[in-house]
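Order-wise, the sequence lines are chains G and W.
The first sequence begins at 848 in my numbering and counts up by one.
The second sequence begins at 3 in my numbering and counts up by one.
These are calculated hints, taken from the structure and not from any lab test.
All figures in this text were calculated on a predicted structure; none of them were measured in a lab.
C-beta atoms are modelled at their ideal positions from N, C-alpha and C, and glycine is treated no differently.
Please note that the accuracy of each hint is not assured.
Taking lysine-lysine pairs in the DSSO-like style, the calculated list, with each CA pair at most 30 angstroms apart, reads [said to hold, decoys possible]:
{"id": "1", "chain 1": "G", "residue 1": "1188", "chain 2": "W", "residue 2": "261"}
{"id": "2", "chain 1": "W", "residue 1": "171", "chain 2": "G", "residue 2": "1188"}
{"id": "3", "chain 1": "G", "residue 1": "1188", "chain 2": "W", "residue 2": "83"}
{"id": "4", "chain 1": "G", "residue 1": "1215", "chain 2": "W", "residue 2": "83"}
{"id": "5", "chain 1": "W", "residue 1": "83", "chain 2": "G", "residue 2": "991"}
In silico negatives: residues of chain W with every beta carbon more than 12 angstroms from chain G [stated by the list, open to error]:
{"id": "6", "residue": "37"}
{"id": "7", "residue": "44"}
{"id": "8", "residue": "95"}
{"id": "9", "residue": "143"}
Covered stretches of chain G (chain W as the covering partner; in silico rule of three or more C-beta atoms under 8 angstroms from a C-beta of chain W) [to be verified]:
{"id": "10", "segment": "979-985"}
{"id": "11", "segment": "1243-1249"}
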Amino acid sequence: MSVALTRDHQAGGVRRISRFDPSLLLWLALIAVLAFLVLNPLLRLILSSFQEADTGRLTLANYLAAYGNVRHLEALANSLELGAGVAILATIFGVPLAWAISRTDMPAKGFVRLMAFAAFITPPYLGAVGWILLAGPNSGWLNKLWMGLTGSAHGVFNVYSMTGLILVVAVTSFPYTFLFTNAALDLVSSEMEDAARVLGAGTLRMTFRITLPMVAPAILGGAIISFLEAISLFGAPALIALPARFNVVSTQLWQFFEYPVRVEEAAAFAMPLLLITLLMFWVQRAILGRKGYATVTGKGGERRMIPLGGWRWVMLGYSLLVCALSVFLPMFVLIQAAFAKAWGRGISLQNLTLGNFHYLLFEQTQAKQTILNTFLYAGITAFAVIFLALSIAYVVSRKLVPWSDALAFLCMAPFVIPGIVLAIGFYAAYTAAPFALYGSATILILAFVTRFLPIAYTSSASGLKSINPEMEEAVRILGGSRLTAIRKVLVPLIKKSIAGAWILVFIPATRELSSAIFLVGPHTRVISVMLFDLSEEGNFEVLSALGVILLVATLVIAAIGFKVIGRDFMLRRT
Amino acid sequence: MDREFSPSRRGFLLAGSALAALGAGRSSRAQSPAAMSEHEKALFDAAKAEGGELTWYTAHSDDITAQALGRAFEAAYPGIKVNVLRTTAQVAYQRITQEIKADSIQCDVFSSTDLGHYVELKAKGEFAKYVPDNAGKVLDIYKNYDPDGYYHVTSAGLIMIGYNTGKVKEADAPKNWTDLLDPKWKDQIALGHPGFSGYVGTWALTLRKQYGWDFFEKLAKNNPRVGRSINDTVTMLNAGECMIAGSGPVGTLLDSAKKGNPLALSAPADGSVLIIAPSGIMKKSQHPNAAKLYMEFLLSVEASKIWLAHFNETMRPEVSPAPGIPQAKELKIIRPTVEEITKGVPEVIKQWRNTFGV
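In isolation and in its complexed conformation, chain G is listed as follows (with noise of 0.2 angstroms):
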């Protein structure tokens, strides 16, 4: 069919209709798609902000109360710290592992790049209970090792805090930075650095004048992704802020949604957030300004790892401590209180009992079922939301239709939308006729490929960014259509992109919590809102079986999938 149109169109057709690139009906129906998944919502949730909530008229009552009061204002600025702490701190943890696995020689790659992946899987809410248990300013094992130690009568940890919930968010999210930053380090050639070697520079100043600048934008996006991942999660910060006294947005939000609902002023209250995805954009945009960074040109390039001599220990002491604070710790308290009668007794044999998964999977009415969900959720989530994002990445790249810039920022906007509000949003949105989707597993699937899109977008986005568009323009010339080039050239360039941007929305889709919360059914709980109930409770022991059987799961099915494609999880050839 392409073929034909293009002759026609090369011929110089009388048909109005041959001039018309077929591939355009799929980038409407994509731009649909999109409208449905992202700018309903978005725009009712922007419209109920201004609206009274029985009548409808018009207000601003909602922001004067959402904003007329000094806790929601601390809860704010509390979150701008938080997001900002775990983006720094995040960028700290993984663009150094980043670089050291990626150009170094530095020993136990495959060890550190497996604990990136485990900290990966592991979500916020879990990480925090086992962070809990190892800084709780009074029990904390760390803080008892410390009193051991020096004699002291205080802990020197204190998890309940700021700076608390910064490290527990940054150990789970780091993994972005990592990811990202590692992915296009592996795709710079060696090219410039032995330049810059010729030209005289050492290690550390080729490092950071040369190999960090080329992957500027890959660091700067997993800060970002970690920045809107902190400010819009709900788990971690109910279970550190509350206790710590203090509020986020999310936890602030939560309380607007209690009895009497106030989606309205809800509403009113995530709007900053939305302002900060333009912020963040545009600081994006400013600093990476028109600099290409067209890193993958269809030519040759070869990488050579940097000899680090005496230092590659200092690098591996350091991936370690990172391994340490993020999987090490947390899981072994956790794998301590899953298999533990009662984790308050410690480590012996009689303390030791598999009776925390017999109850799961045996006595529990809904643990099977709730754990089937969350991994078909995951799985359809992910096949998706990769469709959807790769599609509109490629409309945005090669700027296949008019303002789509503006599709980009759909595709990110998500991300500030806390789950919360997505979830509301969605609530508003699809619960009621003519869709009426409430408690269905479509209307949980929907806001997960919702929530995801940035993600998919952001690694799609970059994936084809370092894509010369050259290669498809060949095909063109040659007389392909579009499609083929996206077909025989692009995808099977950007196959290793795809793979890893699935994995990447699916492991967080498993533990998705915050736009779960509000839209799970009885018959559509996913494991993240079991967890979420379990620990509002005494029942520790539980807890922590069903996220070790969450993890465990987790790993089995990514480990096939990495099979499946024949790459590693770091999406080497294997």
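On the provided structure of chain G, position chain W as indicated by the hints.
Just chain W, lined up with the frame of chain G:
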């Protein structure tokens, strides 16, 4: 009379023998149709015909107890599945109001711990009227909470002061609510949150009535750890993070102590707080017969045995707890009226946020 407890009883440290007796409630068998009353059998058949399933939103207990009740029901009425969803009261209420707004009622039986919810939902016409046969057979204090028959008390539990026996000696433990204000407990008190927990809402309201809100202003100076569910306080004690559960849920504390955690209870001199928690059937329930059968079950002797096995109050006079387990009828109790709760809990939540910042 709580003040007259011998030390060992006041601590409620559980002897193994007492525990053995409590296993009784766990074994429930399918009732032969002959053992069912005619009414029950009719409901059972109708419940099977309408799909053999029901969904129960409950804040009455911790998850373990709620699941035990659900399983016991399934065993007694084979072929009917119960989806048990345990959350805090305010979360359950949030979900039901969402369902009402979306006009898509998923819940069949609604069991909150905030009496105000029932007054509100009844006024809005969201409950179906149903007076279970068993409603007349419960202890007198639980009868006729709603004279119109839209909801019925199906569980009750106590709030006392809990403590970690590894860190606090019995002699040093707080003997009254006002002891929580002692500066020696700075940074060591765990509390639930009235914005989540119905138990905590009523508890805070009761103490406000007793001592004035000033009590909480002073309590805030001791920098307590504020969690969400009242059961959260048990987690804090088990972790050793806090020494004292200021709002200590008796059932969950004793259940956890049974598992070997170092926990004990102290009955406050001014009175323990008794929480009365009803259940109601949603008017637009998709499984009305299963829901009615479940209401009968919640008020049955069988269910009361399970409540007792998990250290909550019994609904029925036929069963009584093992010796040494605190029961409301043996204790000094303080408890607000339904009107006070309906009006007061939302106020208390607001005051709480101003005082504690969250």
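Hint-by-hint comparison with the structure:
1. For the suggested pair residue 1188/G and residue 261/W, the alpha carbons sit about 7 angstroms apart, so the restraint of at most 30 angstroms is met.
2. Using a Cα cut-off of 30 angstroms, the hinted pair residue 171/W and residue 1188/G holds, with the two alpha carbons roughly 24 angstroms apart.
3. Straight-line distance between C-alpha atoms of residue 1188/G and residue 83/W comes to about 29 angstroms, which keeps the hinted pair within the 30 angstroms bound.
4. Between residue 1215/G and residue 83/W the alpha-carbon distance is near 14 angstroms, which keeps this suggested pair within the 30 angstroms criterion.
5. At most 30 angstroms may separate the alpha-carbon atoms for a hinted pair to count; residue 83/W and residue 991/G exceed this at roughly 47 angstroms.
6. Non-interface call for residue 37/W relative to chain G: holds, since the shortest CB-CB distance, roughly 24 angstroms, exceeds 12 angstroms.
7. At the 12 angstroms boundary, the C-beta of residue 44/W stays outside the reach of chain G, the nearest C-beta of that chain being 25 angstroms off.
8. The claim that residue 95/W is not at the interface with chain G is violated, since a C-beta of that chain comes within 12 angstroms of its own (minimum 6 angstroms).
9. For residue 143/W, the non-interface assignment is confirmed: its Cβ lies about 26 angstroms from the closest Cβ of chain G, beyond the 12 angstroms cut-off.
10. Counting residues of the segment 979-985 of chain G whose CB lies closer than 8 angstroms to any CB of chain W gives 5, which reaches the minimum of 3, so the coverage claim holds.
11. Check on the segment 1243-1249 of chain G: 0 of its residues sit with their Cβ under 8 angstroms from a Cβ of chain W, so the three-residue criterion for coverage is violated.
This entry does not satisfy hints 5, 8 and 11, going by the numbered hints stated previously.
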